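Here the structure of chain G is known, so what remains is to put chain B in place on it, guided by the hints.
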Amino acid sequence: MKKKRIIISILAIAIIGGGWFGYGEYSRKVKDLDRVKADLSMSAAEIISVFEKNEADANAKLLDKIIAVKGTVRKLEKNDRGQYTIVLDDAGISSVRCSMNSVHVNDLQGITEGNTVTVKGACTGFNHDELLGSDVILNRCVLEKNNNQ
Amino acid sequence: MKNLIVLSFILCASIVKAQDKFFTKSGSVTFHSKAPLENIEANHKSVTCVLDTKTGNMQFAVLMKGFEFEKALMQEHFNENYVESHKYPKADFKGQVLNNNEINYTKEGTYSAKVKGMLTIHGETREVETKGTIVVKQDKLLTVAEFIILLSDYKIEIPRLVKDNISNNVKITVDCSLEPLKG
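Top to bottom, those sequences are chains G and B.
So the numbering used here is basically just the index in the first sequence, starting at one, shifted up by 93.
So the numbering used here is basically just the index in the second sequence, starting at one, shifted up by 59.
Keep in mind the hints are simulated off the structure, nothing from the lab.
Everything numeric in this text was worked out from a predicted model, so none of it was measured.
It is possible that part of the hints are untrue.
Claimed, not checked - In silico DSBU-like cross-links for lysine-lysine, where the CA-CA straight-line distance does not exceed 35 Å: (1) B/LYS222 - B/LYS80; (2) B/LYS146 - G/LYS158; (3) B/LYS149 - G/LYS154.
Extracted from the complex, chain G is given alone in its bound form:
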């Protein structure tokens, strides 16, 4: 009798615990990168050259990684939907396009062309285009450091 009660209570705890974990897992939000440590740090020129050298290798190494990229701001773009993109590059027509997380839009105040900044984002890949130039794309980006401030 006592044994049965223990088993039932263990089961109940397991079910509640499992349900709680399951629900937490189910409703888990995509992480705000503000609170995530970068997997690796590199300069804009470095990450561009890694992708230009061998895209498949670079994809295998860098896709989904959280990367802190340091570079010069070529442009701060705002599109019709109010989303910001920081375009980083050092030279040439290739660039790193950092699609900024709109939650942290206030951090972008004071950023101007020519600033040296470090942006942290999730690498989603490389767009190679003869006409438009090639871009490494970072997503869900947050500004880690503005070296000019």
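For chain B alone, coordinates are given in the frame of chain G:
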């Protein structure tokens, strides 16, 4: 001097030519799938699109890893189990505006556009045809289109366990604001 004139003519010509092309690198593509339990929706904000207004040629490039979901688990399943974005990191569309000569890209207004082309997702290419609109406004082109694809066409398998909860029909919405490409 003569050379300079020739050179400036060539330069002018190339500028005119370049302005036939419009592009964006921050276009939006959303997909939406109705399901009994809950709707599945994701948005992509870094879509590249080029439209050549002279020929009506249109191209889109989408990095699959760039789709953002509200829920992390959905995003992980989408990438790992469905579109296998590690194997097939890119999707693209190459097509044409069929009624391109009916659209006056130099006059402001809203034009309906018929677009047809080849859509590649998950390494599979299928023909897609849809109607959309092109709004000519100031020096921008706002392009909007909506169409349905079948996951089964692109060999995207739905695990049997959740087959009843996930629809084979997915609605894709494209919304890109194109700027003139300066040479």
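The hints, checked one at a time:
At most 35 Å may separate the alpha-carbon atoms for a hinted pair to count; B/LYS222 and B/LYS80 exceed this at roughly 43 Å. With a C-alpha separation of about 16 Å, the suggested pairing of B/LYS146 with G/LYS158 holds against the 35 Å cut-off. The straight-line distance between the Cα atoms of B/LYS149 and G/LYS154 is roughly 16 Å, inside the 35 Å bound, and the hint therefore holds.
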